[in-house]
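Please dock the two separately framed chains into a single complex, following the hints provided.
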Amino acid sequence: MTAARPKRDYSLVGESTRWAIETGLASAEWYHSEVSRKTMKELMQRSDGPAIRDTIIWIALILGSAAGAIWFWGTWWCVPFFFVYGVLYGSSSDSRWHECGHGTAFRTRWMNDVVYQIASFMLMRNPVQWRWSHARHHTDTIIVGRDAEIAVMRPPDLLKTALAFTGLLDFRYSLPRLFRQAFIGLDAEEKSYIPEMEWRKAVVAARWHVAIYVATVAAALWMWSFLPLMLIGMPRIYGSWHMVLTGLLQHIGLADNVTDHRLNTRTVYMNPISRWIYWNMNYHIEHHMFPMVPYHALPRLHELIKHDLPAPNPSMWHAYREVWPVLLKQLRYEDYFLARELPPTARPYREEFHNFTLPSAAE
Amino acid sequence: MADWIEACEADEIDEEDVIRFDHGGRTFAIYRSPDDEYFATDGLCTHEKVHLADGLVMDDIIECPKHNGRFNYKTGQAKGAPVCVNLRTYPVRVEAGKVFIRID
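Those protein sequences? They're chains A and B, same order as listed.
Its first residue numbered 241, the first sequence is counted upward by one per residue in my numbering.
Its first residue numbered 637, the second sequence is counted upward by one per residue in my numbering.
This is chain B alone, in the form it adopts within the complex (with noise of 0.2 Å):
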């Protein structure tokens, strides 16, 4: 069953960048797009379990700190080497100021 999580204020993040957020003995990153849109994925790379919100977000695209693995954070899809597995990505909506995530 799917529920709606709230993760975090809508300013919190800022432009072009990403936050770490826990819930439920799982960690996820939620992103803000240079478009001001919000996303959310897993929170740790595929390769080597990195957490991703230490990364760089550039565009659509967030690079792992520890190997400069890139994801595109708002399909997944794994850029190539060294990382080869796609993210998890999980539905977002803002509402009153506030990001919340839907995980199953």
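Pulled out of the complex, with its shape left as it was, chain A reads as follows (with noise of 0.2 Å):
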């Protein structure tokens, strides 16, 4: 905390790593509101139940779009129907390869595994590294140097950060990226948050969706047709817009370098179908602290802790419009962001919280 913080440096294995880990910003403890171990408990309990329904009908909207598109394929009449199966297949798998890679979807263990190895494959993820970056996410929300999921960089790249909704510069990203796991392994930034013990597991993930992939294009020159790439792997371009229109609020124009996820994270109130591709992954303050809690009992812990919390966006649309004049500051003066107001009711922010970055940070 008295070391003189280094410009961001969003490498995990640079200056502002060696910062967060001097200053004691990485492994911290963070900031959790009140809630009793019996209720906690209540919140926290697994069902199959929820998933099972959601997972039935998400399979069944995946095939019958796919069954929609195949059959009017060289038609107009097939764009609605792609439109359809791009969100399933490049949005709503990312908040099913999240919550079964937390293993809170399902009671039964298998289950998560099963959807998290599919929905990985569906968003070109290794399934292996991406449980570890994750990991770290959690461990630290935002830190500079440590986290290994910040979607925008301080100072902002607008542009990069327009392009994120065509779903091209995460294509672009992750899948050389495949190939680069499956033959040549791990880099540096990997290794630094994935144990050495899974690293062979790693690249063995990343040559299974390699052979598929490859498998795929194969498909697509025997039937001279673009029709197998429009069902797999592209809808990760083409669909992938709901899964960054909601996943940028996340922490977009927040704080970096704290340790209260008040001050980093983002809940907001959003439209039901959002909430079902999302998994309710829009009380994205109430995951953060309390990771053990299923996606469908996050409305009911809202409820509970929603007095010790900043006030939520009411939509999707206030939020970014809340955001917009932050990034266009953050262009000139990148220590700024948004500092969120507590209800009169809320537990004050503690000082050696998010002392970190009140120096210099904007009001």
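Please note that the accuracy of each hint is not assured.
Across the chosen pairs, the derived CB separations fall in these ranges [as the list claims (entries may be wrong)]:
#	chain 1	residue 1	chain 2	residue 2	range
1	B	Cys720	A	Pro395	33 to 43 Å
2	A	Thr315	B	Gln713	54 to 64 Å
3	B	Glu648	A	Ala402	51 to 61 Å
Using 20 Å as the maximum straight-line C-alpha spacing, the simulated DMTMM-like pairs for lysine to aspartate or glutamate come out as follows [as the list claims (entries may be wrong)]:
#	chain 1	residue 1	chain 2	residue 2
4	A	Lys278	B	Asp653
5	A	Lys247	A	Glu262
6	A	Lys441	A	Glu562
7	B	Lys734	B	Asp647
8	A	Lys400	A	Glu389
9	A	Lys431	B	Glu684
10	A	Lys281	B	Asp647
11	B	Lys715	A	Glu438
12	B	Lys685	A	Glu262
13	A	Lys278	B	Glu648
14	B	Lys734	B	Asp653
No wet-lab data here; the hints were simulated from the structure.
From the three backbone atoms N, C-alpha and C, an ideal C-beta is built for every residue, glycine too.
What follows is the structure in structure tokens.
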């Protein structure tokens, strides 16, 4: 805390990493709202029912929209089917990957594992590497130099952020990474958060993904048609816009290098369709504070602790309107962030939880 | 030299639950299984040193509250990423309504 903070370096093996470790910001203790053990135990209870129901609907919609897209392939009528299929494949897979990675969607472990593997493939994410990067994201949420999942770095690259909605940038990054992991191995950053005993597993997982993509390309060449690629791989481009739309709001424009999720994470009220696609991850402060609580219990948790949290954004539109001027300001002054006000019923921000940035933070 | 240490009253722990017990500068987790048996392990997750007593007990599994790493609390076995290192377990006995654990 006494060491001078270096300029933000988002590498996971650089100056900011060293600074975060030296100051105790890495692997620190985080603020939690008060919830009794009895209540928390009720909220944490696992059940297969809600996730089995949602997964049956999810698979039925994927197969149904794929069937429609194949049936109408070659006509404009295939567009709405690909629209639905793309969002299910390229966006809703993110929340399934996320919740099953935590092991909270289903009570039964193998069900979490099966959906996790399928969703990881849809997202072009190495299931081993991303399990560990997400563990790090929860240990060191938006800690520069430690968190491997910071979506918008400072100063923000607005063009890159806008292009994220097309899925192109992430695709361009994800696919070559899988090939690199399959044929060369993990890089230094990945090795910084994946234990050595898991490296081999990560390489094997990447090889399986690559093999399926090679088979898909071979099928497309054999059929001399884009259809196989439109069904496998490409939805990661044309269907990821909803994942970006909802996911960007999780932390964008808020404080970094703090240890209170109320300062660096956002809860946003969303429409029921987006909430189903996103599996309630719009209650994101609640999720980060208590990652053991399954997605279907997050609305109840929100009601219990909202008196202790900043007011949620009432809509995605509201949240983006709030974020836009912050991003513009960060172009000139990267230390600027949106300091979220707490309601009078909340326990105040504790200086020791966020004094890593206060001296240089804007109001 | 191992000693039997009184950790808590047996009825302090709900069925299928866990509590924290600190002793001699160390921290432990004491479990009561759904079969009304008692077990003890080190109190901190081997992954990121988080107190397991804040986690969830399901059958013979304790799940860490921070990253959802799972251990079999009866054997200490780590059940997969993000936990890779087993948890140390300790012998437990219940006498006259009190839970004792043997610590070396």
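Results of checking the hints against the structure:
1. Checking the proposed 33 to 43 Å range against Cys720 of chain B and Pro395 of chain A shows it holds: the Cβ atoms sit about 38 Å from each other.
2. Judged by the Cβ atoms, the range 54 to 64 Å given for Thr315 of chain A and Gln713 of chain B holds: they are separated by roughly 56 Å.
3. Our hint of 51 to 61 Å for Glu648 of chain B and Ala402 of chain A holds, since their Cβ atoms are close to 56 Å apart.
4. Taken as a hint, the Lys278 of chain A and Asp653 of chain B pair is honoured in the structure, with Cα atoms around 10 Å apart against an allowance of 20 Å.
5. Among the hinted pairs, Lys247 of chain A with Glu262 of chain A is consistent with the structure: their alpha-carbon atoms are about 15 Å apart, no more than 20 Å.
6. Note on Lys441 of chain A and Glu562 of chain A: the hinted pairing is violated, with a Cα-Cα distance of about 42 Å set against a maximum of 20 Å.
7. About 8 Å separates the Cα atoms of Lys734 of chain B and Asp647 of chain B, which keeps this hinted pair within 20 Å; it holds.
8. With a C-alpha separation of about 15 Å, the suggested pair Lys400 of chain A and Glu389 of chain A falls inside the 20 Å cut-off, and the hint holds.
9. Distance hint between Lys431 of chain A and Glu684 of chain B is fulfilled; the C-alpha atoms sit about 17 Å from each other, no more than 20 Å.
10. With a CA separation close to 17 Å, the supplied pair Lys281 of chain A and Asp647 of chain B stays within the 20 Å bound.
11. For the suggested pair Lys715 of chain B and Glu438 of chain A, the alpha carbons sit about 14 Å apart, so the restraint of at most 20 Å is met.
12. Between Lys685 of chain B and Glu262 of chain A the CA atoms are separated by roughly 18 Å; this keeps the pair inside 20 Å, and the hint holds.
13. About 13 Å separates the Cα atoms of Lys278 of chain A and Glu648 of chain B, which keeps this hinted pair within 20 Å; it holds.
14. Distance check on the hinted pair: Lys734 of chain B and Asp653 of chain B sit about 16 Å apart at the alpha-carbon level, within 20 Å; holds.
Going through the hint list in order, the structure does not satisfy hint 6, though it satisfies all others.
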